[in-house]
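**Q** Whenever a hint applies, use it, and build me the whole structure from the sequences.
Given next are the chains, with one letter for each unit.
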Amino acid sequence: MAKLEIESEVTGNVWKVEVEAGARVDAGDVLMILESMKMEIPVEAPEDGTVAELRVTEEDAVEEDQVIAILET
Amino acid sequence: MFDRVFIANRATVARRVARACRDLGIDSVAVYADIDAAAPHLGEATATARLPGYRAQDTYLNATRLIETAKQSRCDALHPGYGFLAENAAFARAVEDAGIRFIGPDPRWIETLGDKTRARQAMAEAGFPVHAGSGVLNDLDAAMEAAREIGLPALLKPAAGGGGIGMVRVSSEAELANAYAAARTQAANAFGNDAVYVETWLDRPRHIEFQVIGDGDTTLGVLERECSVQRRHQKVIEEAPAPGLDRSVLAGIEAAATSALDGYDSLGTVETLYADGEFGFLEVNTRLQVEHGVTEAITGIDLVRAQIRIAAGEHLSEVMPATVAAQGHAVEARIYAEDSRRRLPSTGRLSVYRPPDLTGVRIESGYAEGQWVTPYFDPLLAKVIGTGATREQAIGRTLVGVKAFDIQGIDTNRELLQNVLGSEPFIAGRLHTGMLGKL
Numbered sequence: 001m002a003k004l005e006i007e008s009e010v011t012g013n014v015w016k017v018e019v020e021a022g023a024r025v026d027a028g029d030v031l032m033i034l035e036s037m038k039m040e041i042p043v044e045a046p047e048d049g050t051v052a053e054l055r056v057t058e059e060d061a062v063e064e065d066q067v068i069a070i071l072e073t
Numbered sequence: 001m002f003d004r005v006f007i008a009n010r011a012t013v014a015r016r017v018a019r020a021c022r023d024l025g026i027d028s029v030a031v032y033a034d035i036d037a038a039a040p041h042l043g044e045a046t047a048t049a050r051l052p053g054y055r056a057q058d059t060y061l062n063a064t065r066l067i068e069t070a071k072q073s074r075c076d077a078l079h080p081g082y083g084f085l086a087e088n089a090a091f092a093r094a095v096e097d098a099g100i101r102f103i104g105p106d107p108r109w110i111e112t113l114g115d116k117t118r119a120r121q122a123m124a125e126a127g128f129p130v131h132a133g134s135g136v137l138n139d140l141d142a143a144m145e146a147a148r149e150i151g152l153p154a155l156l157k158p159a160a161g162g163g164g165i166g167m168v169r170v171s172s173e174a175e176l177a178n179a180y181a182a183a184r185t186q187a188a189n190a191f192g193n194d195a196v197y198v199e200t201w202l203d204r205p206r207h208i209e210f211q212v213i214g215d216g217d218t219t220l221g222v223l224e225r226e227c228s229v230q231r232r233h234q235k236v237i238e239e240a241p242a243p244g245l246d247r248s249v250l251a252g253i254e255a256a257a258t259s260a261l262d263g264y265d266s267l268g269t270v271e272t273l274y275a276d277g278e279f280g281f282l283e284v285n286t287r288l289q290v291e292h293g294v295t296e297a298i299t300g301i302d303l304v305r306a307q308i309r310i311a312a313g314e315h316l317s318e319v320m321p322a323t324v325a326a327q328g329h330a331v332e333a334r335i336y337a338e339d340s341r342r343r344l345p346s347t348g349r350l351s352v353y354r355p356p357d358l359t360g361v362r363i364e365s366g367y368a369e370g371q372w373v374t375p376y377f378d379p380l381l382a383k384v385i386g387t388g389a390t391r392e393q394a395i396g397r398t399l400v401g402v403k404a405f406d407i408q409g410i411d412t413n414r415e416l417l418q419n420v421l422g423s424e425p426f427i428a429g430r431l432h433t434g435m436l437g438k439l
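Protein sequence lines correspond, in order, to chains G and Z. If you read the first sequence in my numbering, its first letter stands for residue 1, the second for the next number, and so on. If you read the second sequence in my numbering, its first letter stands for residue 1, the second for the next number, and so on.
Hint data in this document are derived by calculation from the structure and do not stem from the laboratory. Possibly wrong hints are sitting among the right ones.
[As the list claims (entries may be wrong)] Chain Z side only, calculated, beta carbon under 10 Å to chain G, not exhaustive:
1. 55
2. 188
3. 189
4. 190
5. 341
6. 342
7. 343
8. 344
9. 373
10. 375
11. 379
[Said to hold, decoys possible] Not close to chain Z: a few residues of chain G, all C-beta gaps over 12 Å, as computed:
12. 3
13. 4
14. 6
15. 22
16. 24
17. 25
18. 26
19. 28
20. 29
21. 36
22. 48
23. 52
24. 54
25. 55
26. 61
27. 72
Remember, predicted model here, so these are calculated numbers, not experimental data. Just so it is clear, CB atoms sit at the ideal spot from N, CA and C, and this is done for glycine as well.
**A** What follows is the structure, encoded as structure tokens:
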């Protein structure tokens, strides 16, 4: 089992978290939706796996490259 | 005329309104969120007022705070600009209830035209062309019936929405159940209202819109704008007049727009989609449009001053010329803070920000060197408007303006803009709303 760090591609905030810690996800599933400059930016699972950790909650501010979730693959 | 206008906005439009007030010899009050304490729009107004906070909902979207601040600064009128609360009927009404004139139409117009199915119906009844579509779909059966009648592919759209947000394309009856559920969820998420309707899907349409201005008694057309170059339904390049279309056909649609908006009492824009030789209603924007500058450039009319004077009770005959005549061509390119390749917004500090000073190029900039571009607001940094005797000249001047605009510290779409303005389909006038995806 490998741990995969999911990073934010933008500076913005967390609009919606679509999964819970422990959830099984397939590659391409939306983990959360970020918001920046009035744009919605979906964060997708890069691979199949389990959400080991969510490091942010809704309305949190995020920085570019900040780790926002850990996926166990 | 008003004594003092409160500008409930920021960046490009706040500067534009402040300039119009100055030209009219009236005072203006610019507001700022904490992050905008050094923004250039503050320098253009007579006075400034702080809106404590950073996020839009605490500042430029905070209706109560805005109205309170407008009262404290003894303003007798409020200009909402574009975006934020500009098309919020409840806000317009609250402003008027506070004894401040809202510079825009009667709130009833905002309400009727803000509801997309009601607007469609009202425009159709007034004789304006509409593409095939339905009313609000109450359930999946209604959606199926409407889809069969209109034909597929079709688009499911939020009734309370606009600006192309939350649309779902359906290409077969098998897809409809999922698409209908997805469209309702998206509509609820984006607009707090899950009502959706269906409209025919158009192949490579052009976005053509008609500027109107009314004083409550008379409504006048101020020509059209071509706004087909879009990304995610956000306009990127606009121009006036629309290239390659029959003037008499355009005049006919403009006449239908002014007659449908009989009694309208401000600036407004009737947006249409044009495909296969047919125009069809898209939506009405009951406010100043971002791209108003291209219309001003070819007509010599200051639309913002006209809008303020009408709100102050002047008549159309006093603020507009007897006939609207166009001269030459104008093209506007919007400079956005974005990483065009990754299609992501770009934030950071503008370490270098130098707008060019060129003949035939008007710059409307919302930012200044050293300022931070934050995730809190939309990505529009500036507009470059090139004007010329011909379309070729206007395109060339806009292209040079974009190229000569030196911006460093964040990513912008300047390269994309130059690619489009220099591309064969754009220069040949082969425009459609999906063209950016194909370049």
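**Q** Confirm or reject each hint.
**A** Hint by hint, here is what the structure shows:
1. 55: Interface hint status for residue 55/Z: holds (8 Å vs cutoff 10 Å).
2. 188: violated, 12 Å
3. 189: At about 8 Å, which falls below the 10 Å cut-off, the nearest Cβ of chain G leaves the hint on residue 189/Z intact, so it holds.
4. 190: At 9 Å from the nearest chain G Cβ, residue 190/Z passes the 10 Å test, so the hint holds.
5. 341: With a minimum Cβ separation of about 12 Å from chain G (threshold 10 Å), the hint on residue 341/Z is violated.
6. 342: Holds, about 7 Å.
7. 343: holds, 9 Å
8. 344: holds, 5 Å
9. 373: At about 8 Å, which falls below the 10 Å cut-off, the nearest Cβ of chain G leaves the hint on residue 373/Z intact, so it holds.
10. 375: holds, 4 Å
11. 379: holds, 4 Å
12. 3: holds, 25 Å
13. 4: holds, 20 Å
14. 6: holds, 15 Å
15. 22: Given that every Cβ of chain Z is farther than 12 Å from that of residue 22/G, nearest at about 24 Å, it holds.
16. 24: Answer for residue 24/G: holds, closest chain Z Cβ roughly 22 Å.
17. 25: holds, 19 Å
18. 26: Its Cβ never comes within 12 Å of chain Z, the nearest being 17 Å, so this holds.
19. 28: Check passes; 16 Å lies beyond 12 Å.
20. 29: holds, 15 Å
21. 36: violated, 4 Å
22. 48: holds, 23 Å
23. 52: The claim stands: residue 52/G keeps its Cβ more than 12 Å from every Cβ of chain Z (closest is about 26 Å).
24. 54: The assertion about residue 54/G holds, with a minimum of 20 Å to chain Z.
25. 55: holds, 18 Å
26. 61: violated, 8 Å
27. 72: holds, 26 Å
Of the hints listed earlier, those the structure fails to meet are numbers 2, 5, 21 and 26, in rising order.
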